[in-house]
Every structure is written in structure tokens, then in C-alpha cells.
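Participant: Chains as they are written, first to last, in this note's numbering: chain A, 1 to 231; chain B, 1 to 422.
It should be emphasised that the hints constitute simulated quantities derived from the structure, not laboratory data.
Hints may be right or wrong, so weigh each one.
Some, not all, of what chain B presents toward chain A, calculated at C-beta under 7 Å [claimed, not checked]: (1) 4; (2) 11; (3) 18; (4) 317; (5) 321; (6) 329.
Computed from a prediction, not measured in an experiment: that's the story for all the values here.
For every residue, glycine included, the Cβ atom is placed at its ideal position computed from N, Cα and C.
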Amino acid sequence: MPVIDIRDLRFAWDDGPALLDIAEYSVLPGERVFLRGPSGSGKSTLLGLIAGVLEPQAGKVEVLGHDMTQLSGPKRDALRADRLGVIFQMFNLVPYLSLVQNVTLPCRFSSARRKAAGGGDGMTREAERLLSRLGLSDPKMLERPVTELSVGQQQRVAVARALIGGPDIVIADEPTSALDAEARDRFIELLNEEAARSGSALLFVSHDGSLAGHFDRSVDLKEINRAKGGV
Amino acid sequence: MGLSILGLAWRSLMNRRGSALLTILAVALSVSLFLGVDKVRNGARAGFENTISGTDLIVGAPTGQINLLLYSVFRLGSATAEISWDTYQSIADRDDVAWTVPISLGDSHRGFRVVGTNDSYFEHYRHGDGTKLRLAEGKLFTDIYEAVLGADVARELGYEVGSEVVLTHGLGAGGLTDHENRPFVVSGILAPTGTPVDRSIHVSLEGITAIHVGWESGTRSPFADTISEEMIRGFDLTPKSVTAVFVGLERRGTLLRTQRALNTQSGEPLLAIIPGMALGELWQVTGIVERALIAVSVFVIAVGLVSVLTSILTSLNERRREMAILRATGARPGHIFFLMVAEAALLGLLGAVAGVLLVQIGLLVAGPLLSSAYGIGIGGLGLSAIDGWTVLAVFAAATLIGTIPAVMALRRSLADGLTVKL
């Protein structure tokens with residue numbers, strides 16, 4: 001059974017033209033999928049729909065067997081908190097939290113994630129383990145304010161946060177667009193490795209088609225989206 | 001979970017500690033103004049109410065009852081008329097009257113009021129919970145040219161038992177109207193009472209009469225200096241009039257009847273007042289000003305709370321990204337709402353507590369000054385229920401106000417979804 005299953009989805013902002021019109025799109029468990037689309041094509045909106053923070057006008061978005069269009073707001077929030085990890089393009093971190101606190105942030109909102117990460121002290125150790133896997137093990141660095149980290153380091157902290165407590169799905173929205181070529185490739189390798197290690201499916205979205213080679217499967221949003229509302 | 005959101009709110013405030021501290025300061029100052037006004041008001045009331053106790057009636061020439069109370073007990077303002085000695089005698093002789101204290105006012109010494117009276121003053125005048133006056137040193141006056149000083153008079157003017165005091169006619173600074181040919185000798189000094197007694201100079205009624213020999217017209221007659229002390233001692237120094245009389249009754253049950261009898265008796269018109277009731281009327285008058293002050297300080301608190309609102313609202317824009325991150329990592333709308341409300345509530349609570357502390361520190365520093373300069377007792381100024389209620393009210397109001405940015409943040413984060421274009 002796919003972890004993400006989209007059927008006859010239609011979405012428009014307010015009364016505007018349809019931005020997304022997707023007949024069918026799915027991601028299988030543990031699969032690492034690349035979704036290509038230029039900026040403004042609606043890919044971030046699609047991720048919002050999958051994460052359950054946006055609601056479509058029509059169609060079905062099934063995540064981990066739950067139809068997001070049928071779930072209540074709080075249930076969608078709970079599902080996201082418990083089983084989804086999200087990585088943004090940049091500014092992923094909460095400025096007033098430490099590195100480790102940023103990584104354990106999902107455990108504040110989800111007791112399931114908290115338990116899966118080992119709870120209490122175990123949670124902190126798990127965060128440190130993930131950070132060290134991602135090359136952030138220097139104790140001095142762990143104590144620095146997150147705003148002083150380089151963009152590449154911040155993105156790696158975001159990966160650790162998305163992966164803590166082993167979510168079923170990790171969604172990454174252009175996480176490499178602020179990185180240089182070398183850092184980008186290393187970042188994608190790390191992300192792939194860690195997602196595989198925790199058994200999470202990875203949905204990686206970018207405008208840069210050259211990244212497609214890193215993934216099991218690649219889809220162009222243009223091919224599945226029938227709407228002309230996008231730029 | 002609530003606790004961990006509270007932790008987020010706290011860290012978020014600490015991250016903006018500069019503006020958070022300013023906001024807390026604004027709330028603290030507004031709260032301290034409110035509490036300060038309230039405490040000084042209560043202190044002043046308590047000070048007034050502690051000044052006289054045990055006296056059932058005060059009798060004087062007809063005037064307003066507040067005026068009579070102010071000049072007879074608080075040495076504020078001055079009498080416009082007196083009552084004759086015969087009338088005083090008739091009051092003292094009444095069957096329902098247990099004791100009387102006649103006082104004669106109108107002279108001063110370097111700004112301190114002179115009270116002409118007799119031994120009954122030291123016997124019957126009570127303050128606070130019924131405390132009698134007590135001599136700190138020396139003895140009561142026995143001679144017409146002896147004086148008993150209040151504690152402040154002795155301390156501020158550096159007088160001791162045996163010092164000479166030249167009284168001044170009227171309440172001016174002295175000079176042409178001095179009674180310098182009739183100096184008084186300090187016979188005793190009273191222990192501090194925290195009442196206007198501390199700022200009074202007490203002499204015998206005969207002493208008052210004696211220094212006014214030759215002053216019958218109100219100014220010094222050319223003959224005044226020609227009259228020797230021996231001649232004066234030969235005169236009948238029974239006063240012709242007194243300014244006011246403190247009256248104690250045999251039975252308190254006759255209070256209203258005696259008051260009415262004195263107010264309506266034939267012969268010299270009199271005004272008899274019950275000190276507590278006159279004070280009540282005084283509070284009615286001052287109450288208008290007090291309420292205005294309280295209203296102003298409540299508005300100032302409102303301004304302080306608006307600064308809480310402003311500080312959070314201005315932070316909202318730069319925090320849209322933060323809200324999106326929190327949402328993406330699983331925060332429910334309720335979490336976002338609670339986070340914003342918690343920040344406002346924390347600012348309000350810290351501000352209010354800081355305001356209470358500010359007032360307490362201020363009273364510690366300025367309390368003794370208030371007490372000595374204005375007779376406002378510090379006793380009633382400590383922590384009291386009103387401090388707790390104020391903290392609670394400000395906390396509640398800040399929490400309520402916090403719902404405004406909370407709703408805004410909520411709406412925005414719902415509309416933004418996971419992406420914020422900055």
C-alpha cells in the first residue's frame with residue numbers, strides 16, 4: 001500500500017484558476033522519489049496538501065492510509081506530528097532553540113515521536129547521534145546559537161529533525177537550493193542514507209532536474225499536473 | 001505538553017530580551033504607580049485615623065465639621081472663632097461628660113504650632129489603639145512659662161530640657177510678632193507618636209494668657225513691655241476663651257444625644273462633632289481626588305498592557321517563518337495560539353511582579369521620609385491583598401490581550417501553510 005496516494009486532486013488558491021489538477025500520484029513505503037518542477041509550479045502547495053496544512057477543493061489525498069480530506073484539522077495535525085518529517089529550502093531552525101532542541105522539536109508536539117526517539121534523555125542522545133551521523137558532532141558547535149551555523153550545517157540539522165523518531169515519510173522542499181554543488185551532492189547522499197536507515201519514504205522536490213539521478217524514481221510535475229494555472 | 005510550549009514561550013522571549021525587558025518595565029512602572037497611589041492613600045487614611053482615639057466629641061465655635069477636625073486635631077488651617085471660658089465650663093460640668101481637654105491654638109514657634117492646654121491633655125488624649133502620650137524625658141509643665149515639646153520639634157530644632165523657646169503670635173515665621181519678652185523653658189519632651197502631636201509645642205492655658213497680656217487688640221500694645229513678669233504672675237490668668245474642647249463621655253450610648261444637645265443649646269452657638277464621622281466626611285471629599293488618581297493609574301496600566309500587545313504584534317511578521325517551522329514539525333493551531341498567549345501572559349506576570357517589588361523597594365527607601373514629612377504611617381504600606389489581586393488582574397488582562405496576536409498568528413500560519421515567501 002502506498003504511503004502517499006493522490007487521486008483526482010484539484011486545488012486553487014481562493015477563487016483563482018486551478019493550480020493543481022492531478023489524476024494520480026503515489027509514493028511507496030521506503031521509496032526515495034524525486035519530484036521536479038519550476039518555482040511557482042505548485043510543488044510547495046502539493047507538499048502542503050500532503051502534510052495536511054492545506055485542503056484541496058476536490059479529490060483525495062491519502063497519507064499512510066488516512067484520507068486527509070476526511071480527517072479533521074486536529075487529526076491531520078496529529079498525523080503530521082507523529083509520522084511526517086519536513087525539510088524546508090532554508091531558515092529551517094527556530095532561532096531561540098539550541099541545536100539539540102531544534103532536532104527534538106517534533107517530540108514536543110507528538111508523544112509518539114517522543115517515545116520513538118527514546119523519550120527524555122534518550123531523545124537527546126538520539127538527536128546527538130543523528131547530528132553526529134550528519135557530521136555535526138563537535139561539542140563546541142552543539143552549544144553555538146543556531147543562527148551562527150552555515151546554511152549547509154543548518155540544512156543538516158533540519159535533516160536530523162525530520163528524521164528523529166523515525167517518521168514514515170520525509171518531505172524535502174528544495175532543501176539544497178542554497179547549497180553549492182559539492183555540498184549539495186554530499187547533503188543528498190546523507191539524506192538518502194539516513195532516510196534508508198530509518199526506513200522512511202523520501203519525497204524530494206526541486207526545480208533542478210540534474211539531481212534526479214540520486215533517487216529511485218523521478219517524476220516531472222508538468223507530466224502529472226493537468227492544470228494550466230501554474231506559471 | 002503545555003509545559004514544553006511554556007518553555008518555548010520563555011525561550012522566545014529571552015531571544016528578544018531587549019524589547020521584552022522594556023515591555024516588562026513599562027508594565028512594572030504602570031503597576032507600581034497604581035499600587036503606590038493606593039498605598040499612600042491607605043497610609044494617609046490610616047495615619048489620620050490613628051491620630052485620635054478615645055475622644056467622643058470635639059466641640060468648637062460653629063464652622064464646618066471638617067474644618068474643626070482639621071485645626072483641632074491635625075493642626076491644619078486655623079480657627080476663625082473661639083468659645084468662651086464660661087461655655088467651656090458649662091460643657092465640662094455636664095452630667096454626661098466624663099472629662100474634657102480644652103485647647104487654645106493660634107501661636108507658633110518657628111513653624112511649629114503651640115497648643116495651650118492643661119494636664120488633662122496628657123491624661124486623656126489617645127492615639128492609635130488608645131495609646132497615651134508618654135514623656136521621653138523631663139516632666140510635664142508645672143509653671144506658666146514651661147513647655148512640653150513634641151518629639152519632632154525637639155529633634156528638628158535641637159532642643160533639650162532646659163532650652164528657651166520664644167513663641168510667635170500667629171502662624172508666621174516670627175520677627176515683629178515675637179513674644180520675645182516672655183520666653184518659655186522646655187520642661188519635658190514627648191516620645192514620638194507618628195501624629196501631629198510630634199510637631200506641637202504644649203504649654204499651659206495660663207501661659208497662653210500670660211504672653212498675650214498687652215496683646216488684647218491683636219498686636220503688641222506700647223504698654224506690653226512695661227508689664228513685668230511679677231505683675232503678670234499677680235494677674236488672674238484664667239483664659240477668657242479656648243479654641244476647641246475634646247470631650248469624653250460617661251457612657252458612649254449618649255453620644256448622639258449629647259452631640260445634639262450641644263449643637264442646639266441656647267446661649268453661645270457651638271459645633272460638636274464626632275471625630276470618626278467628620279473623618280468619614282473628609283474621606284468623601286478626598287475620595288473624589290482619590291478616585292481620579294486611581295482612574296488615571298488604571299489607565300496607565302492599560303497603556304502598559306498595550307505595550308505588551310505592541311511588542312508581540314511587531315514581532316509577528318518576523319516570526320512567520322518560525323510559525324511555519326512549528327506547524328511543519330507538528331504544532332497544532334492550538335499550540336501556536338497557546339504560545340502567543342503564553343508570551344503575553346509571561347510579560348504581564350513578570351511586569352506586575354516587578355511592579356510590586358518596585359513599590360516595596362520604593363517604600364523601603366522613601367517610607368521614613370513620607371512618615372516624617374507627611375505623617376503617613378508606613379505600617380499599612382507593606383504587602384497586602386491588593387498587591388496579589390493586582391498581579392492576578394494584570395496577568396489575566398495580559399492573557400486576554402494575548403489572544404489578539406494569537407488569533408492573528410493562527411490565521412496567518414493556517415493561510416501560510418508550510419511555505420512563507422519572505
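Participant: Please go over all the hints and tell whether each is borne out by the structure.
Facilitator: Each hint, compared with the structure:
The beta carbon of residue 4/B comes within 4 Å of a beta carbon in chain A, closer than 7 Å, and the hint placing it at the interface holds. With a cut of 7 Å, the hint placing residue 11/B at the interface with chain A holds, because the nearest CB-to-CB distance is about 4 Å. With 7 Å as the threshold, the beta carbon of residue 18/B stays out of range of chain A, its nearest partner Cβ sitting at about 13 Å, so the hint is violated. Hint on residue 317/B is violated. Least Cβ distance to chain A is approximately 14 Å, over the 7 Å limit.
Interface restraint check for residue 321/B: the shortest CB-CB distance to chain A comes to about 5 Å, inside 7 Å, so the restraint holds. The beta carbon of residue 329/B comes within 5 Å of a beta carbon in chain A, closer than 7 Å, and the hint placing it at the interface holds.
The structure is inconsistent with the numbered hints 3 and 4, although it conforms to all the rest.
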